[in-house]
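Enquirer: Spelled out from the first residue to the last, the chains are:
There are 2 protein chains.
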Amino acid sequence: MEIPPVVIDRLPLYTRALASLEVQGREVISSQDLGTSLGVTPAQIRKDLSYFGRFGKQGRGYNVRKLLDELHRILGLDRQWRMALVGVGKLGRAILGYDGFRSQGFRIVEAFDVNPERVGRRVDNLTVRDATDLEPVLSKNPVDVGIVAVPAETAQDVIDVLIRCGVRAILNYAPIAARVPSGVYVKRIEPVLALQSMTYYLKNRPHAPIPTPRS
Amino acid sequence: MEIPPVVIDRLPLYTRALASLEVQGREVISSQDLGTSLGVTPAQIRKDLSYFGRFGKQGRGYNVRKLLDELHRILGLDRQWRMALVGVGKLGRAILGYDGFRSQGFRIVEAFDVNPERVGRRVDNLTVRDATDLEPVLSKNPVDVGIVAVPAETAQDVIDVLIRCGVRAILNYAPIAARVPSGVYVKRIEPVLALQSMTYYLKNRPHAPIPTPRS
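Read top to bottom, the protein sequences are chains A and B. Plus 2 on top of the position in the first sequence (first one is 1) and you've got my numbering. Plus 2 on top of the position in the second sequence (first one is 1) and you've got my numbering.
Don't read these hints as lab results, they were simulated from the structure. Among these hints, one or two may not hold up.
All copies of an identical chain are treated as equivalent in the list; a pair is satisfied when it fits inside any one copy or across any two copies.
[Said to hold, decoys possible] Distance condition first, Cα-Cα at most 25 Å in a straight line; then the derived SDA-like pairs of lysine to any residue:
1) 205 / 143
2) 68 / 48
3) 205 / 112
4) 189 / 99
5) 92 / 193
6) 68 / 7
7) 142 / 117
8) 189 / 35
9) 142 / 185
10) 68 / 188
11) 49 / 194
12) 205 / 10
13) 205 / 52
14) 92 / 22
15) 68 / 78
16) 68 / 91
17) 92 / 196
18) 49 / 139
19) 189 / 7
20) 49 / 67
Construct the entire structure; sequences and hints are all you get.
Expert: Here it is, written out as C-alpha cells:
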C-alpha cells in the first residue's frame, strides 16, 4: 500500500514529541495528549499510525519507548546517514556548524566548493574539496544525502551530478524547483520562497484582527 | 475564488525564474521555456496563472517584465516586509547574516533572546532585546513576520506571544508543528524533519538503481 506523503511528513514530528516525552520520563501517552502537544487531532494520529500496524491498546494509550522504536525503524532513523554538502559559502558554513544533524544521525562527511579560495580549507573538521571532484570522491565514498547550498544558477547542475553519483535524497537550499527523476527525493529548505508564499495572504488581509482564543 | 495553496507556493518560483530571465535580457518567454527551466509543465504554468487573469497572448509567450510586475503585485512583493527574529543563538545569528532576505524586501528589524549574555549585544546592526519585552516592543513597532529560532520546547510559547502581538506569518525553524489560529500562516523550515521524511523512502529501497535519463 502506498502511504500518502503527508503521513510520512508527520511521522518525524511524532518522533520528536515522543523523544521529548521520554526524556521527561513519560512511559505512556494517549493519542489525545500526543495530539494536543502537536496540534494534530487524536483521530489523525491513530489513522496515520494505522498504516504501519497496531500500536497501543484501546483506552491504554501508547507505550512511549515502544512507539518511538517503531517510528525510528519505520523512518530509517535507527542508522546513520552520510551526507555531502555542496557550497561552503556563508550558508554552507552555517549548515556545517548546525548541531541538529549529527545528534539525529545525519553526518556531513564531505564538503565541496568551486571557489579556489575555499578549496583545501578546514571547516568543522572537514577539508573542503574541489567541486569538480564530486564524481570521483562520491563514487569511492558514496553518500545517502546531498545538501545543495549553491546559488540558484548552478543548483540544478549540482543536483544532476549528485544524482549521477547515486544520491537519492537532496536537501535543497537553493531557490529553484529541482528536476529529479522518479526515485529521487528533494526537500526544499529556502526561507525566502516560504516567506513569499505567505505574503500573498498577508497582502490580501493586511490588518485583519486575529480572533483571540478564549482561555 | 479560493486559490489552492500549492498554486500560491509555485508563484515565488515563477518570480525567481522570471527575475533571472530579466537579468539575462530576455523580454518574452513561452510557457514551454519557462516550464522547462522550472521542471513544471507549460500546462501547469498556464493553469496557475489563469487564476489571476489573462497573461500573454496565444502563441506569443509572456512579456517577462509585465508578468514579473504582476506576480510581484499578486504576492505582495512590491513592498517591504518587517520581520522580528526570536532566538539569537547559532542558528539565529546565521539567519541574521543571511543575505537573501533583504534583497527580496524582507528586513529583520528586531531580534530577541532570553539569554542575558546575548541581550544588549549588537548583531548585524541590531541590538538584541530581552525576549520578555516582545509584547511592549512589537506593540509599538509592529512587524509582519516572526522568525522563530528557539529550541522546540519554547517555540510554541514564542509563537503564541508573536500572534498576540499581531504577527500573522511565522517562519518556524523549530522542529514542532505550530498550533496557530486560522488567519495566521506558518512555514516550517527545519532541515532535520525534512531529512527524516526522506529517509523513509531511502530505507525502503536502499540501493535501487536510478534510471539514467537519456540525453
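Enquirer: Now tell me, hint by hint, if it's right for this structure.
Expert: Here's how the hints hold up against the structure:
For the identical chains of this complex, residue 205 and residue 143 are inter-copy neighbours only, at 18 Å across copies versus 48 Å inside a copy, given an alpha-carbon limit of 25 Å. Taking the closest pair of Cα atoms, residue 68 and residue 48 come within 25 Å of each other only inside a single copy of the chain (15 Å); across copies the shortest separation is 49 Å, beyond that limit. In this homomeric assembly, residue 205 and residue 112 come within 25 Å of each other (Cα to Cα) only across copies, at 21 Å, whereas the closest approach inside a single copy is 42 Å. In this assembly of identical chains, residue 189 and residue 99 lie within 25 Å of each other by CA distance both inside one copy and across copies; the values are 20 Å within and 23 Å between.
Proximity of residue 92 to residue 193 under the C-alpha cut-off of 25 Å is found in both arrangements, the shortest distances being 15 Å within a copy and 17 Å between copies. For the identical chains of this complex, residue 68 and residue 7 are intra-copy neighbours only, at 23 Å inside a copy versus 36 Å across copies, given an alpha-carbon limit of 25 Å. In this homomeric assembly, residue 142 and residue 117 come within 25 Å of each other (Cα to Cα) only inside a single copy, at 23 Å, whereas the closest approach across copies is 45 Å. Taking the shortest alpha-carbon separations for residue 189 and residue 35, only the inter-copy value of 24 Å comes in at or below 25 Å, while the best intra-copy value is 29 Å.
Proximity of residue 142 and residue 185 under a CA criterion of 25 Å is satisfied intra-copy only: 22 Å inside one chain copy versus 51 Å between copies. Taking the shortest Cα distances, residue 68 and residue 188 never come within 25 Å of each other, neither inside one copy (30 Å) nor across copies (31 Å). For a Cα distance limit of 25 Å, the shortest separation of residue 49 from residue 194 across copies, 24 Å, qualifies, whereas the shortest one inside one copy, 33 Å, does not. With identical chains, the CA atoms of residue 205 and residue 10 are at most 25 Å apart between copies only, with a shortest distance of 13 Å across copies and 32 Å within one.
In this assembly of identical chains, the alpha carbons of residue 205 and residue 52 lie at most 25 Å apart only when taken from different copies (20 Å versus 40 Å within one copy). In this homomeric assembly, residue 92 and residue 22 come within 25 Å of each other (Cα to Cα) only across copies, at 22 Å, whereas the closest approach inside a single copy is 31 Å. Proximity of residue 68 to residue 78 under the C-alpha cut-off of 25 Å is restricted to the intra-copy arrangement: shortest distance 15 Å within a copy versus 47 Å between copies. For the homomeric pair residue 68 and residue 91, neither the shortest alpha-carbon distance inside one copy (42 Å) nor that between copies (34 Å) is at most 25 Å.
In the homo-oligomer, the alpha carbons of residue 92 and residue 196 lie at most 25 Å apart both inside one protomer (20 Å) and across protomers (21 Å), since each shortest distance falls under that limit. With identical chains, the CA atoms of residue 49 and residue 139 are never at most 25 Å apart, being 43 Å at best within one copy and 43 Å at best between copies. Proximity of residue 189 and residue 7 under a CA criterion of 25 Å is satisfied in both settings, with 12 Å inside one chain copy and 17 Å between copies. Taking identical chains as interchangeable, the C-alpha atoms of residue 49 and residue 67 lie at most 25 Å apart only when both belong to the same chain, with a minimum of 20 Å there against 48 Å between chains.
Violation of the numbered hints given earlier is confined to hints 10, 16 and 18; the remaining hints are satisfied by the structure.
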